[in-house]
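J.: Residue numbers (my numbering), protein chains in the order written: chain A, 287 to 394; chain B, 84 to 199.
Heads up, a few of these hints could be off.
Straight-line alpha carbon distances no greater than 35 Å define the calculated DSBU-like cross-link-like pairs of lysine-lysine that follow [to be verified]: (1) 97(B) to 359(A); (2) 386(A) to 359(A); (3) 308(A) to 295(A); (4) 301(A) to 343(A); (5) 351(A) to 301(A); (6) 301(A) to 359(A); (7) 295(A) to 92(B); (8) 301(A) to 386(A); (9) 92(B) to 343(A); (10) 359(A) to 295(A); (11) 343(A) to 308(A); (12) 386(A) to 97(B); (13) 295(A) to 97(B); (14) 308(A) to 359(A); (15) 386(A) to 92(B); (16) 351(A) to 308(A); (17) 351(A) to 295(A); (18) 386(A) to 295(A); (19) 308(A) to 386(A); (20) 92(B) to 301(A); (21) 308(A) to 92(B); (22) 351(A) to 386(A); (23) 343(A) to 359(A).
These are computed hints drawn from the structure, not numbers from a lab.
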Amino acid sequence: AQRVTQPEKLLSVFKGAPVELKCNYSYSGSPELFWYVQYSRQRLQLLLRHISRESIKGFTADLNKGETSFHLKKPFAQEEDSAMYYCAGGWGNTPLVFGKGTRLSVIA
Amino acid sequence: NAGVTQTPKFQVLKTGQSMTLQCAQDMNHEYMSWYRQDPGMGLRLIHYSVGAGITDQGEVPNGYNVSRSTTEDFPLRLLSAAPSQTSVYFCASSYSMNRVANYGYTFGSGTRLTVV
Numbered sequence: 287a288q289r290v291t292q293p294e295k296l297l298s299v300f301k302g303a304p305v306e307l308k309c310n311y312s313y314s315g316s317p318e319l320f321w322y323v324q325y326s327r328q329r330l331q332l333l334l335r336h337i338s339r340e341s342i343k344g345f346t347a348d349l350n351k352g353e354t355s356f357h358l359k360k361p362f363a364q365e366e367d368s369a370m371y372y373c374a375g376g377w378g379n380t381p382l383v384f385g386k387g388t389r390l391s392v393i394a
Numbered sequence: 084n085a086g087v088t089q090t091p092k093f094q095v096l097k098t099g100q101s102m103t104l105q106c107a108q109d110m111n112h113e114y115m116s117w118y119r120q121d122p123g124m125g126l127r128l129i130h131y132s133v134g135a136g137i138t139d140q141g142e143v144p145n146g147y148n149v150s151r152s153t154t155e156d157f158p159l160r161l162l163s164a165a166p167s168q169t170s171v172y173f174c175a176s177s178y179s180m181n182r183v184a185n186y187g188y189t190f191g192s193g194t195r196l197t198v199v
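Full structure from sequences and hints, please.
T.: Here it is as C-alpha cells:
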C-alpha cells in the first residue's frame with residue numbers, strides 16, 4: 287500500500303538553526319510529492335512540489351529515490367516557520383496520501 | 084475567485100443529530116475530497132469525487148455520506164453524529180486526481196465540529 291511516513295511528531299529548534307523535516311514514502315513507482323504547511327488554525331497551504339525544484343520561504347526539498355525520501359530543509363529557522371508540516375504523495379490513480387504531520391516549533 | 088469555501092466554520096451538535104457540511108469551489112476543479120484532521124492522526128480521507136455524479140470512499144467513510152450533483156459543490160453529510168466525529172473537517176480540490184503534479188490540492192479553511 288502507498289504510505290507516507292513522517293517519523294517526528296514534534297521538532298523543536300532554536301531560531302537561526304538548520305531545520306530538516308523528514309519524509310519517507312513506500313511503494314514503487316514515481317510518486318508526485320508535496321509539502322504542505324498549516325499555520326495555527328488555518329487551512330493547509332501548498333509549500334513545495336518536487337516537480338518544480340523550487341525554494342519557497344527558504345525551504346527546499348530534494349527527492350531521493352534511492353532512499354525513498356523527500357526531506358524538507360531550511361538553513362536558518364525563523365520564528366514564523368513554527369507550524370504543522372505535512373508531506374504528501376500521489377501515485378496517479380488514487381488520492382494524495384498524507385503523512386501524520388510534524389509540528390515545527392522555533393524557539394527564540 | 085474565492086477558491087474553496089467551507090461552511091459553517093464552527094458547529095456544535097448533539098449526539099444523534101444530522102447535519103451537512105458544505106464545500107464549494109469556483110475553479111472548475113474535477114476532483115474534490117473530504118478529510119478529517121485529528122491530533123496525532125494527521126489527515127484521513129473520508130470520501131472523494133473525480134467528477135459530477137461520481138463518488139468513492141476513502142479511509143474512514145463510516146458515518147458519512149456524500150453526493151456530487153454539480154462540479155462546484157461537494158457536501159458532506161453526517162447521518163447520526165457521534166462524539167467520535169468531533170474533528171476538524173477539510174475540503175480539498177484539484178484539477179484532476181491523476182494529474183496533480185503542477186498544482187497539488189487547494190484546501191478550504193475547515194469546519195471545526197464538536198459532538199456532545
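J.: Please go over all the hints and tell whether each is borne out by the structure.
T.: These are the hints, each one checked on the structure:
Restraint check for residue 97(B) and residue 359(A): the C-alpha separation of about 44 Å exceeds 35 Å, so the hint is violated. In summary, the hint linking residue 386(A) to residue 359(A) is supported, as the alpha carbons are separated by about 18 Å, within the 35 Å threshold. For the hint pairing residue 308(A) with residue 295(A), the CA-to-CA distance comes to about 10 Å; that is within 35 Å, so the pair holds. Distance restraint check for residue 301(A) and residue 343(A): the Cα-Cα separation of roughly 15 Å lies within the 35 Å cut-off, and the hinted pair is therefore satisfied.
For the suggested pair residue 351(A) and residue 301(A), the alpha carbons sit about 31 Å apart, so the restraint of at most 35 Å is met. For the given pair, residue 301(A) sits about 14 Å from residue 359(A) by alpha-carbon distance, which is consistent with the 35 Å threshold. About 26 Å separates the Cα atoms of residue 295(A) and residue 92(B), which keeps this hinted pair within 35 Å; it holds. At most 35 Å may separate the alpha-carbon atoms for a hinted pair to count; residue 301(A) and residue 386(A) meet this at roughly 24 Å.
Of the pairs offered as hints, the one joining residue 92(B) and residue 343(A) holds, with about 28 Å between alpha carbons and a cut-off of 35 Å not exceeded. In summary, the hint linking residue 359(A) to residue 295(A) is supported, as the alpha carbons are separated by about 16 Å, within the 35 Å threshold. About 18 Å separates the Cα atoms of residue 343(A) and residue 308(A), which keeps this hinted pair within 35 Å; it holds. A C-alpha spacing of about 29 Å is found between residue 386(A) and residue 97(B), which places the hinted pair at or below 35 Å, so the restraint holds.
With a C-alpha separation of about 32 Å, the suggested pairing of residue 295(A) with residue 97(B) holds against the 35 Å cut-off. Restraint check: the Cα-Cα separation between residue 308(A) and residue 359(A) comes to about 9 Å, which is no more than 35 Å; the hinted pair holds. For the hint pairing residue 386(A) with residue 92(B), the CA-to-CA distance comes to about 23 Å; that is within 35 Å, so the pair holds. At roughly 14 Å between alpha-carbon atoms, residue 351(A) and residue 308(A) fall within 35 Å of each other, so this suggested pair holds.
The hinted pair formed by residue 351(A) and residue 295(A) meets the criterion: a straight-line CA distance of about 23 Å does not exceed 35 Å. Proposed proximity of residue 386(A) and residue 295(A) is supported: the alpha carbons are some 8 Å apart, at most 35 Å. A threshold of 35 Å between alpha carbons decides the hint, and for residue 308(A) with residue 386(A) the separation of about 12 Å falls inside it, so the pair holds. Restraint check: the Cα-Cα separation between residue 92(B) and residue 301(A) comes to about 33 Å, which is no more than 35 Å; the hinted pair holds.
For the suggested pair residue 308(A) and residue 92(B), the alpha carbons sit about 32 Å apart, so the restraint of at most 35 Å is met. Under the criterion of a C-alpha separation no larger than 35 Å, the hint pairing residue 351(A) with residue 386(A) is consistent with the structure, at around 21 Å. Distance check on the hinted pair: residue 343(A) and residue 359(A) sit about 11 Å apart at the alpha-carbon level, within 35 Å; holds.
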